[in-house]
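Based on the provided sequences and hints, a complete structural model is requested.
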Amino acid sequence: MTTLAPAEATTVARPQRELTYAEAIREALRQEMRRDPRVFLIGEDIGVYGGAFGVTGDLVHEFGKDRVRDTPIAEEVIAGLAVGAAITGMRPVAEIQFSDFVTLATEQIVNQAAKMRFMFGGKIAVPMVVRLPGGSGTGAAAQHSQSLEAWFAHIPGLKVVLPATPSDAKGLLVAAIRDPNPVMVFEHKLLYRTRGVVPEELYTEDLKAIVRRTGRDLTLVAYSVMVIRALEAAEQLAAEGIDVEVVDVRCLRPLDEATIVGSARRTGRVLVVHEAVRSGGFGGEIVARIVESEAFDFLDAPVRRLAGRETPIPYNRTLERSAVPQVEDIVAAARALVRE
Amino acid sequence: MTTLAPAEATTVARPQRELTYAEAIREALRQEMRRDPRVFLIGEDIGVYGGAFGVTGDLVHEFGKDRVRDTPIAEEVIAGLAVGAAITGMRPVAEIQFSDFVTLATEQIVNQAAKMRFMFGGKIAVPMVVRLPGGSGTGAAAQHSQSLEAWFAHIPGLKVVLPATPSDAKGLLVAAIRDPNPVMVFEHKLLYRTRGVVPEELYTEDLKAIVRRTGRDLTLVAYSVMVIRALEAAEQLAAEGIDVEVVDVRCLRPLDEATIVGSARRTGRVLVVHEAVRSGGFGGEIVARIVESEAFDFLDAPVRRLAGRETPIPYNRTLERSAVPQVEDIVAAARALVRE
Amino acid sequence: MEPSLTPERLRSALQQMMRIRAFEEMAEQLYMRGLVHGTMHLSIGQEASAVGAVLALEPQDYILSTHRGHGHCIAKGADLGRMMAEFMGRETGYCRGRGGSMHIADVDGGNLGANGIVAGGLPIAVGVGLSMQLQSLPRVCLTFFGDGAANEGAFHEALNVAAIWRLPVVFFCENNNYAMSMAVRDAFPTELISQRAAAYNLPGVTVDGNDLHAVYAAAAEAVARARSGHGPTLIEARTYRWRGHSKSDRNLYRTQQEIAEWKERDPITRLRARLIADGVLGAAEADAMLAAVHEEIAAAVAFAEASPEPDPAALEDEVYA
Amino acid sequence: MEPSLTPERLRSALQQMMRIRAFEEMAEQLYMRGLVHGTMHLSIGQEASAVGAVLALEPQDYILSTHRGHGHCIAKGADLGRMMAEFMGRETGYCRGRGGSMHIADVDGGNLGANGIVAGGLPIAVGVGLSMQLQSLPRVCLTFFGDGAANEGAFHEALNVAAIWRLPVVFFCENNNYAMSMAVRDAFPTELISQRAAAYNLPGVTVDGNDLHAVYAAAAEAVARARSGHGPTLIEARTYRWRGHSKSDRNLYRTQQEIAEWKERDPITRLRARLIADGVLGAAEADAMLAAVHEEIAAAVAFAEASPEPDPAALEDEVYA
Ligand SMILES: Cc1ncc(C[n+]2csc(CCOP(=O)(O)OP(=O)(O)O)c2C)c(N)n1
Ligand SMILES: Cc1ncc(C[n+]2csc(CCOP(=O)(O)OP(=O)(O)O)c2C)c(N)n1
Ligand SMILES: [Mg+2]
Ligand SMILES: [Mg+2]
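Chains as they are written, first to last, in this note's numbering: chain X, 6 to 345; chain V, 6 to 345; chain U, 46 to 366; chain L, 46 to 366.
It is possible that some hints are incorrect.
Claimed, not checked - Which bits of chain L does chain U cover? Going by a derived footprint, with three or more residues having C-beta under 8 Å, they are:
| hint | region |
| --- | --- |
| 1 | 134-145 |
| 2 | 196-202 |
| 3 | 237-246 |
For the record, the hints were derived by calculation from the structure and aren't laboratory data.
Quantities reported herein were computed from a predicted structural model and do not represent experimental measurements.
Each residue gets a CB set at the ideal place from its N, CA and C atoms; glycine is no exception.
What follows is the structure in structure tokens.
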């Protein structure tokens with residue numbers, strides 16, 4: 006739906022081929038699986054069905070049922086399969102069909118995968134990836150629409166990545182697969198069909214924040230689908246003469262504080278935007294990091310947050326839309342903040 | 006170990022009987038069970054064994070094995086038992102033996118208990134309590150020492166309570182049992198043996214923050230065991246002429262912003278202290294609430310956090326101690342902040 | 046015919062099955078036309094299992110339902126208008142538009158809710174059973190779940206706990222041969238799902254889920270056992286879903302021939318024929334019954350369409366009691 | 046005596062059992078004296094099950110262990126000094142003092158770690174099995190777990206998946222009659238835990254866990270089956286822990302008489318007697334063996350005590366690779 010201009014435009018050397026976010030993920034998996042025989046996929050309906058969101062698509066035809074492995078509905082064991090395989094020489098990429106179901110796999114991810122290296126005194130590595138389609142906007146209601154990234158960002162030993170663009174979906178996933186640590190990759194369901202330029206070759210993106218658009222008046226700090234909305238909002242605000250910088254956080258743990266703080270320092274005004282429920286969401290962490298940093302003295306207004314409301318995601322379309330920040334909400338909040 | 010003077014001293018009307026935190030919880034359970042036949046307990050080893058930390062003690066002898074019900078090791082069903090009983094007329098109090106094991110029950114708690122009322126359009130209530138002994142300091146290492154309260158504070162539909170004193174352990178638990186919503190009560194293992202004055206009669210405490218000590222120079226915002234450490238730190242700082250206010254948050258969801266912000270406004274300097282890992286911990290939320298509030302203009306220094314380090318809890322005593330804030334760390338951080 | 050299956054109850058069972066079919070066909074149409082959104086899991090082809098199971102219950106008994114739960118809900122006596130209103134996200138819907146198809150609940154009618162989490166209802170059912178036991182209420186909780194759910198850890202924990210405490214629970218597995226694309230033959234090491242009952246020292250029975258009488262008989266026995274304090278039963282009802290898993294399904298994991306074969310075993314056609322053969326019902330009467338059902342559905346849609354949308358300002362109102 | 050149980054291996058098995066016993070008795074003393082902290086789950090009385098199971102493995106095979114895992118670790122060949130150092134939180138310990146008793150791991154020796162989460166190792170074992178299958182490595186993963194663990198959902202998911210994919214995993218349940226205070230008779234609806242195997246179409250066997258020969262025989266068969274691609278086995282070894290669950294246990298849930306009865310069935314006394322009777326070992330040799338073991342333990346303690354504590358400055362170093 007949205008083709009990303011600003012950040013992509015800087016990668017001029019790369020061929021201008023467009024893929025959807027879902028296709029980019031598939032290409033990352035395909036190319037890594039060709040390159041590295043240790044990489045394999047596990048999850049529910051990722052084989053012949055092609056994945057609940059069509060992400061794995063035809064991979065089973067190229068790699069066979071062993072390496073694109075359908076499991077019974079058993080999330081705890083899906084995670085355990087990844088842990089056990091990762092510590093004995095493989096590079097598993099597990100899919101949790103909807104990120105909400107990770108609630109059934111938290112034991113393995115949080116107590117085992119995340120802690121094993123530390124508990125064993127550094128004598129083991131757990132190079133696994135968990136892909137988690139999340140977020141609202143599809144009418145799937147309360148148990149299929151959550152944004153739980155903050156949980157995992159709170160757990161030392163995990164890394165937490167949230168790509169916002171097709172090219173990041175590929176590059177960050179490849180980086181996650183090659184990372185010797187357990188990496189949680191939250192994909193947003195609404196992004197799967199968005200298109201953007203994606204380099205054909207294999208490449209990795211750093212698990213670092215990136216400035217997607219520069220501006221002087223205000224910084225929007227966002228991740229996942231909210232980056233796209235923030236960029237749209239920035240366009241609209243530009244028309245009003247408000248010059249907005251957009252920082253795409255991309256990785257919550259480890260958090261690239263420098264990029265965020267640098268931007269906050271430059272603009273003096275920050276609005277943090279995420280879809281997850283506001284209370285206890287990762288936005289609080291970002292606000293705190295800015296406040297604790299040297300940027301505090303450069304703030305012209307309080308750092309503010311715009312985030313999901315204090316409710317489960319409702320089914321009704323209008324309610325659902327009103328439960329999480331939309332472009333117009335970002336525009337309004339940014340406008341108000343600039344005037345503070 | 007620590008007898009709380011300041012806050013308790015204000016409740017002069019109540020008889021000065023002392024109980025430990027564990028005894029206070031047991032008394033709350035006993036009195037509520039006597040009063041209300043719908044209240045019953047489920048969990049592992051809560052019967053004859055008396056609970057892993059001796060909390061339920063002899064209750065099984067008074068109320069029998071039906072109402073003090075030992076379960077097999079099956080945390081997901083323990084939570085499910087509570088949900089099913091709560092929606093059909095009972096008032097279950099479930100115990101998760103160590104809060105770390107709640108990772109096995111998050112599906113039922115987060116997807117079912119928390120969302121059921123909302124998903125069903127308000128046509129059901131889920132009056133259940135989950136008791137969760139948490140925290141480090143006992144040498145129990147990485148899988149038995151976590152502080153995961155921030156996860157649940159992020160979930161609309163839940164309430165999250167963390168008593169710091171024996172009298173709160175009783176009053177907040179009674180309030181939780183009577184609450185028509187699912188309430189997560191995080192108890193700290195190190196607090197079980199602390200003593201304090203506990204009224205004999207049945208009473209409830211509001212799920213609101215409380216100022217445990219007033220002061221002018223700085224506010225320490227803390228909860229659970231860190232309240233006790235903050236009060237000790239405050240004593241030491243007083244000797245240096247630094248007058249510290251201590252706010253005990255007590256309930257993370259809903260968060261009593263007014264009390265926190267009010268204190269921040271008065272002192273202009275805030276240090277938020279919790280044991281949980283700093284990144285993604287609830288401290289970020291508290292910082293953000295203060296920054297977003299009218300207190301922002303009254304801040305004389307950035308709001309700062311002191312929290313658990315970015316690591317699983319280690320076994321070695323010295324390492325374990327260094328992984329979470331100690332009294333001397335609070336003193337040092339507070340001193341530095343006052344000088345900023 | 047079982048003794049307690051009176052002609053009247055059989056006719057009403059057939060009518061309920063027709064209602065489910067017609068309701069879902071309409072819901073599907075509305076979905077295609079964009080009037081219902083989100084996702085939709087249709088149970089077309091499985092009507093005998095929902096109706097046969099619920100037929101064995103008393104009104105005050107409970108059910109817990111699944112993502113494929115329209116049939117359960119209707120069988121338990123829900124109002125079609127309020128259901129349709131829920132699908133269309135209206136304030137008059139069972140969940141006031143907050144839940145939608147996947148979370149439809151009729152608490153007053155004893156349907157404690159469909160569940161978006163596979164096997165999510167099983168632990169709750171055990172809790173309901175315990176609650177009945179503690180309150181000495183002679184009510185039974187029947188929990189529906191799919192074959193896929195039987196591989197979740199929750200299945201195991203739930204059956205074990207219900208078994209050791211002899212709780213009044215009926216575990217009713219609708220084995221429709223697939224969990225999304227995962228075939229039962231690939232997901233289970235045993236021939237029958239009901240074989241798992243032995244692991245918990247429970248009776249386990251597999252029945253033809255497209256045979257209303259067979260389903261009823263098994264359920265009635267299980268309910269009687271549960272109600273009299275002898276504990277749970279695991280029932281496996283073998284059936285088939287005619288439609289894809291949800292609307293995104295391209296049916297790549299099964300053949301058209303297989304689908305066609307199962308359509309031959311349509312539970313509604315079968316019950317209708319049997320009731321006519323048994324003299325319980327005339328053909329004309331059956332046709333009239335179906336016509337009446339279609340009118341009900343039309344009325345349900347009209348009710349839903351005329352109903353107001355929820356007020357966004359009230360969004361956070363129902364989070365807490 | 047099984048053919049592959051040579052006199053030498055039997056002597057070494059007895060020695061390992063003595064090592065476990067002596068090691069744990071020492072650990073208990075150190076704990077009482079405050080030199081080891083945290084908690085401590087002793088397997089005294091269960092030595093034959095740990096040693097018998099591991100005896101059936103090749104060095105390159107894997108085990109996954111439990112909170113009651115000292116025996117497993119020693120049986121798999123761990124160095125006592127590094128173990129003791131771990132208990133005392135030293136830098137020379139297996140986990141450099143980060144893990145302690147409950148997380149002891151000897152990755153190079155094929156012990157992928159004790160686990161503080163009941164049943165936490167089962168899903169991992171399935172992953173290890175899959176990994177071996179994918180890499181066509183002829184290695185087996187044997188996962189220990191207690192009776193209590195068999196009621197966790199993870200048990201069910203793990204056995205099912207290992208069964209359908211015929212993974213080279215041995216599920217080794219040490220049924221010591223109690224999960225903390227929960228008696229097996231109250232927690233299970235069946236007589237035998239091994240009866241659960243049938244639910245997954247797996248062989249299930251119950252053996253006397255205090256009989257080294259019986260444990261070995263069952264494990265050897267299961268390992269051979271796993272290694273040859275025929276999939277998992279569920280073994281239930283019946284045994285008993287002499288000590289309380291952990292140090293906080295007041296033994297209120299069992300009788301002194303029961304404990305005394307089980308002490309009569311001491312697996313070490315039993316193996317010692319049998320080996321002497323079979324002419325595998327002389328009494329004097331056995332006594333010398335025990336004396337040597339005690340010297341080893343003393344040396345292990347000395348090594349641990351002389352070892353440095355970890356540096357708090359390095360606390361965050363091993364969180365990420
Ligand atoms: C815990 C969980 N995992 C996965 C899903 C996604 N999902 C929804 S329905 C379904 C298949 C369920 O199969 P089955 O239990 O046989 O029920 P059926 O759809 O056949 O009625 C899957 C995988 C889910 N909703 N919940
Ligand atoms: C998931 C989980 N639940 C509860 C506990 C607390 N706990 C530790 S050991 C134990 C008993 C385990 O019993 P069993 O599996 O039979 O092993 P045993 O202790 O008898 O060797 C319990 C309840 C835990 N560590 N993990
Ligand atoms: Mg199915
Ligand atoms: Mg045991």
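Evaluation of the provided hints:
Residue count for the region 134-145 of chain L with a Cβ under 8 Å from a Cβ of chain U: 0. That is fewer than the three needed, and the coverage hint is violated. Against chain U, the region 196-202 of chain L contributes 7 residues with a C-beta closer than 8 Å to a partner C-beta. That satisfies the three-residue criterion, and the hint holds. Given a C-beta distance limit of less than 8 Å, the hint that chain U covers the region 237-246 of chain L holds, as 6 residues qualify and 3 suffice.
Going down the numbered hints, you'll see the structure goes against just number 1.
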